[in-house]
Amino acid sequence: MIGLMRTRYSEDEVAVRDAFFDFFANECPTTTVRAAAEGTGFDPALWSSLAAMGAPGMALPESLGGAGAALTDLAVVADVAGAHLAPVPLIEHAVTARALARAGGHDDLVAELAEGSTLATLALRPPTGDTARLVPAGAVADVLLHHCDGVTSSSRGNAPGIKLPNTADLPLAHRVISDATAIELDTDGWNRTVDEWRALTAVAYVGLAKRAIEIGVAYTKERIQFGVLIGTFQALQHGFADAATSVEGAHLLAQRAVWALETEQPGASRLAGMALLFAAESARFAADRSVQYHGGYGFSEEYDVQLYHRHATAWILQLGDPAAEYARLADAEFGPVMGAA
Amino acid sequence: MIGLMRTRYSEDEVAVRDAFFDFFANECPTTTVRAAAEGTGFDPALWSSLAAMGAPGMALPESLGGAGAALTDLAVVADVAGAHLAPVPLIEHAVTARALARAGGHDDLVAELAEGSTLATLALRPPTGDTARLVPAGAVADVLLHHCDGVTSSSRGNAPGIKLPNTADLPLAHRVISDATAIELDTDGWNRTVDEWRALTAVAYVGLAKRAIEIGVAYTKERIQFGVLIGTFQALQHGFADAATSVEGAHLLAQRAVWALETEQPGASRLAGMALLFAAESARFAADRSVQYHGGYGFSEEYDVQLYHRHATAWILQLGDPAAEYARLADAEFGPVMGAA
Amino acid sequence: MDFSFPPEVEAFRTEVKAFLADNFDESMLDVTHDGTMHVPELHAALAAEGWLAGPVPKELGGGGRTALESIVLNEEMQLARAPIDAMGVTVITAAILMEHGSDHLKETVVPALLNGEALTSFGYTEPESGSDVAAAATKAVKDGDEWAINGAKMWTTMAHIADYVILLTRTDPDVPKHKGLTFFLVPFDTPGIEIQPVPTMATERSNATFYDDVRLSDDWRVGEVNGGWAVMKTALKYERGVAGGQFMSPPVIDAGIDWATNHERADGTRPIDDLAVRERLIRAQIDVEVCRGFAYHCADLANEGAMFGVEGSMTKLFASETFKRHCREIHDMMGAEGLLTLESPEAHHGGLIEEALRHSPVTAIYGGTSEINRNMVAEGFLGLPRAR
Amino acid sequence: MDFSFPPEVEAFRTEVKAFLADNFDESMLDVTHDGTMHVPELHAALAAEGWLAGPVPKELGGGGRTALESIVLNEEMQLARAPIDAMGVTVITAAILMEHGSDHLKETVVPALLNGEALTSFGYTEPESGSDVAAAATKAVKDGDEWAINGAKMWTTMAHIADYVILLTRTDPDVPKHKGLTFFLVPFDTPGIEIQPVPTMATERSNATFYDDVRLSDDWRVGEVNGGWAVMKTALKYERGVAGGQFMSPPVIDAGIDWATNHERADGTRPIDDLAVRERLIRAQIDVEVCRGFAYHCADLANEGAMFGVEGSMTKLFASETFKRHCREIHDMMGAEGLLTLESPEAHHGGLIEEALRHSPVTAIYGGTSEINRNMVAEGFLGLPRAR
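These protein sequence lines map, in sequence, to chains A, B, C and D.
Its first residue numbered 26, the first sequence is counted upward by one per residue in the working numbering.
Its first residue numbered 26, the second sequence is counted upward by one per residue in the working numbering.
Its first residue numbered 270, the third sequence is counted upward by one per residue in the working numbering.
Its first residue numbered 270, the fourth sequence is counted upward by one per residue in the working numbering.
One chain only, chain A, in its complex shape:
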């Protein structure tokens, strides 16, 4: 690949973005998000349509039924899926399928995953005993990848778990692990998989955050109080300006992290961890400002902005406490804490 330093989407990427943006705008209005929330947090029809667009297999090798696109292309879809809070576990599915493809020896399964006819996910945290708690897409996925004591295993055929009531109505469920088989994916390979999840989730967070700001700005350009548009108040303008600046920074960092993973840059893992933390914080800040500047309506279920607030809260927590993520990055940067048990 020839170096270009192109910090914006290329023409091809813009074309992908536009196609998927139209797709989600049509197929995934917030009524769809709300409807999914009432059920498992997953919309099978949306997933089928998305599969028909080729998204699940987009970044899988052509030899395994995929489209052979780059992770950076998949990120374009994650961006617009995030903007629409799409109730489909595209990121979990894609990174799990890529892990199986890298491991080798699972060609038939990967082909099913590329098609989207089978749904895969991963336990982001190691199971305790035979149970992986609060697995993303655990309520709907057929195939589960997990990692414990240096061994990555895949299990299939266990019934999806029951969705647990949660902040953003995500399809979170505990999964009992049985009939798992080890796959050829060592700790580095597993870490790479989680890093892909981190970087793509960071990109989705940016999509979410930009949309949250758009919704808020549009509201303040319509709402009149004290005889003027509230969008003319400097305090609101500065709150939005800080949020937008942070989100633009998150966008550039998240895209760079995806690119670094795709092109196997040194430091790619570090950037992926950083991107997720920063994008989550930016998105939460953006959603918070947007709710606040809606006044009471921001808090009402009827308005969409609260959906963005709840999703912004939830996504990163599927991985665990952000403080533990900072500590993990610090260990890599500064070595382990001396004096720790």
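Hints were generated in silico from the structure; no laboratory data involved.
Treat the hints with care, as some may be off.
To give a feel for the contact side, a few chain C residues facing chain B, derived at Cβ under 7 Å [unchecked claim]:
{"no.": "1", "residue": "Phe-274"}
{"no.": "2", "residue": "Val-300"}
{"no.": "3", "residue": "Arg-334"}
{"no.": "4", "residue": "Leu-337"}
{"no.": "5", "residue": "Val-494"}
{"no.": "6", "residue": "Trp-498"}
{"no.": "7", "residue": "Ala-499"}
{"no.": "8", "residue": "Ile-541"}
{"no.": "9", "residue": "Ile-551"}
{"no.": "10", "residue": "Ile-555"}
{"no.": "11", "residue": "Asp-569"}
{"no.": "12", "residue": "Met-583"}
{"no.": "13", "residue": "Leu-586"}
{"no.": "14", "residue": "Phe-587"}
{"no.": "15", "residue": "Ala-647"}
{"no.": "16", "residue": "Leu-651"}
Note that CB positions come from ideal geometry on N, CA and C, so glycine has one too.
Add chains B, C and D to chain A, keeping to what the hints say.
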């Protein structure tokens, strides 16, 4: 003492405040602060005048030549001294003298300290070897109290150290310790001394912060840009409002900490630690906003607001890293960290 | 300065603690899971003690409790996690009625409110007027002996279980907006009223209420015709000051400390042994002590008869903004487990922290947004010129 | 998206690193301790490489370096802690002159600036016009063939060692303020100029400059008469974008990590083993990566000939606000030892962190305050209506 829940200065306290406010306004304009900064960071003439007002011995027992006033009275003076960045180590001197008075057996020395003819201070951090580094008022004090391995000691007659160039031109100096004698002040007694320093310094911080806001607000009510007073910009108003709210909160907390020490409430030590951390943060925020809203002039040496910024930075650091203070409070609250070396 | 309470107030605190131990435990909050933040038994018990009437002056038929006693009651209830919403609306409405209401209202409604038989609700905000509350458009027109009321209110929380709403109306559209407002107390059984639920992003529900040719006699008017703004000011000051909200954080912090001490992260360490977590918890505890200072300060001012407009704004601003941060940080600390809502039997501490996280944004909005409170501090405390 | 540099830019980065290793070490900063943030040998060496001329187009006599190469030079210099102020003012002024200057200026002054023989300074701000730079009151009046200039400028940093100042003047007081401005390049040896030092709370000094009937021929005019605002816009965009300031933090963070690793607190623990400290350091490193993204983004835009007004504002806003926080947190970490200034031989890392702490506030002020940049993002990026 009969419970009153009086969160404002009493009439007596207002009288003390007014007297000392006039005193500092007359005797300690910022030209005095600047002149002291060129030298040792101490103004002996101001100290003499302050001694003539009875401040050094104010909160010492009458039997030892003091005025027998409460710590809450001394706090009133610390408040206005802080507001004027007075280049006198009143807090260090007073808490050291009170420690010696509590220890007993140093009546002549305490009487000198009550008079103010001799200047005392304390090493807030334990000496390393025979040297106490960066001692507050170390460049000017005659008597030094320090605490090491459970023993509090007093030394006198060592020459004051050389002032080290520092952020706020404070009279900081290393002190070589020799001819120290242990005094009857156990670790609890020493901790109480440092807690008095914390609480009174918190009060001084509040004085500093209120003045920093006043200076900033006054500037924005005079400065015109874009054809209007910059004080009419909502972004500036909200920055000042957040600062003022924080400083009012710090005021109420710091005064409560002093009262709790004076009346030996359970939890007094906790409040003292909390008050210092919160007041320092509030004051730094207030000074930062005030500098920022001065624009370039806030950065110029000619304007007073930068003095407030530098003092706000420095005072708490004489004790050490605030993170270590949070950790100390956490140890008291949650017990020691498990797994720590 | 003297931050000790008078002995009789300390005695009252002991009494309140005993009352709460006897009359409240967190399982009673289960009834609030449908979104109605009201525990009827607790409200009745408070009324039986005479505490709903507490802050209303004795000579007006109230409990004659001092502002110091009110804050103590408020503090202890919040620390115990007992809902204070119904108490707040009762006390504020009763105080408004005692100060501005007709004899009819003082004699019939106030006693029913104070003895817990009747509940009321706030009807200030409208679809088109939130922060700009003085822009209320709900019309009240004199028609013979009656008033005819037409319009809509938003955020009439508890309307669906309440007997009354204290309603801000426009009686003169041709004068500056603050000068054409009039208050009424409106019984919800008056014909022409419709109540629609407004679900929220948190558990609680609120209501929109609609008024279609609602007919009232002049007895239900509160304060002067076109004198509504004077009533409003009193109401807002109560709402931002002693009316509560200063101690929202402690139950969340305590639950967080419990979690941090008794759970392990994936790597086997406890959050409580992470100095970053400890620092955040100590900072949260410091904020609580600051809120306590503000609460006592407002009570001291109120106790001496002083108004505390700006101090109330500071209290509300600081308490709600820090509460939001505390919820966020403590919720994060729980990682994925924190996502479980109160509907899950596995949720830690009954889902308290997760629920607080979703509830917290509204605390910086209702009863005066943080932006409005900052405006008030800038103008009223710092003397800055009116913002452009 | 492709965040890799073209091979020739990577090669240039290698070249820059080698240049800095040969031509700069931190001891050279000792000359800046009098407050003049300029290292003449370094400036001369940069000029000798042709790098001062770098970003100026080749056909205009510049180095023809791409924006990508400029950002790489800027980045490496900042990472090495080499002052970029003189380079910045040189490049911006040269670019302005090449775009708007007379042939006289292009032929005489530009070469002298680019080969390092001459230094220049900015003369935009006045005592009464800071953020409102278009309100400049310094008058330039045409008098026969000459211009007569009278007025005063603030923050003419480096004026005392410079040969020129690029001066914003008012040539028509009777039209809207943006439409009556004209730029001049003024040689400091012109009679009637006085330079007074302006010391600051940090180490650096700036200057106030006074102009008393300063006479210039029309050759010194830059841009159209009353066309000064067009020139100003170019200047500001350069200043907020590629002109630097995106990598102020890394030297401070590195020095902080060094401190945290090699020193003990009073209790014998190392700051680097405190998870609260570690989290703050990682957050700071994340901010640096965000700044890097902004820097490369602006360079990419510039490289394609796009203007990056709003992106420059975001970069400046984010970089300076986070720099302030980094300085504060890292300075705090050193406790009392951090108070020692560069004048103390005991100061850690030559007092770098303490100096940065005192310097940091101005970074959110000069070249466009954070408030002005937020206004620009709100209006230019979010399309919000002009603030009231």
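Right, here's what the structure says about each hint:
1. Because the smallest distance between the Cβ of Phe-274(C) and any Cβ of chain B comes to about 5 Å, under 7 Å, the interface hint for this residue holds.
2. About 34 Å separates the beta-carbon of Val-300(C) from the nearest beta-carbon of chain B, more than 7 Å, and the hint is not met.
3. At its closest, the beta carbon of Arg-334(C) sits 14 Å from a beta carbon of chain B; the interface hint therefore is violated under the 7 Å criterion.
4. Given the 7 Å rule on beta carbons, the hint for Leu-337(C) holds: about 6 Å separates it from the nearest Cβ of chain B.
5. Contact between Val-494(C) and chain B, as hinted, is not supported at the beta carbon level, the nearest pair being about 35 Å apart and thus beyond 7 Å.
6. Interface restraint check for Trp-498(C): the shortest CB-CB distance to chain B comes to about 23 Å, outside 7 Å, so the restraint is violated.
7. Interface restraint check for Ala-499(C): the shortest CB-CB distance to chain B comes to about 25 Å, outside 7 Å, so the restraint is violated.
8. At about 6 Å, the closest approach between the beta carbon of Ile-541(C) and any beta carbon in chain B falls short of 7 Å, and the interface hint on this residue holds.
9. A distance limit of 7 Å between C-beta atoms decides the matter here; for Ile-551(C) the minimum to chain B is near 5 Å, and the interface restraint holds.
10. A distance limit of 7 Å between C-beta atoms decides the matter here; for Ile-555(C) the minimum to chain B is near 5 Å, and the interface restraint holds.
11. A least Cβ separation of about 4 Å between Asp-569(C) and chain B falls short of the 7 Å threshold, and the interface hint therefore holds.
12. The criterion of a C-beta within 7 Å of any C-beta in chain B is met by Met-583(C), whose closest approach is roughly 4 Å, and the hint holds.
13. Evaluation of the Leu-586(C) hint against chain B yields a held restraint, the C-beta minimum of about 6 Å falling below 7 Å.
14. Because the smallest distance between the Cβ of Phe-587(C) and any Cβ of chain B comes to about 5 Å, under 7 Å, the interface hint for this residue holds.
15. Restraint check, Ala-647(C) versus chain B: the minimum CB separation of about 4 Å is within 7 Å; hint holds.
16. For Leu-651(C), the shortest C-beta to C-beta distance to chain B is roughly 5 Å, which falls under 7 Å, so the interface hint holds.
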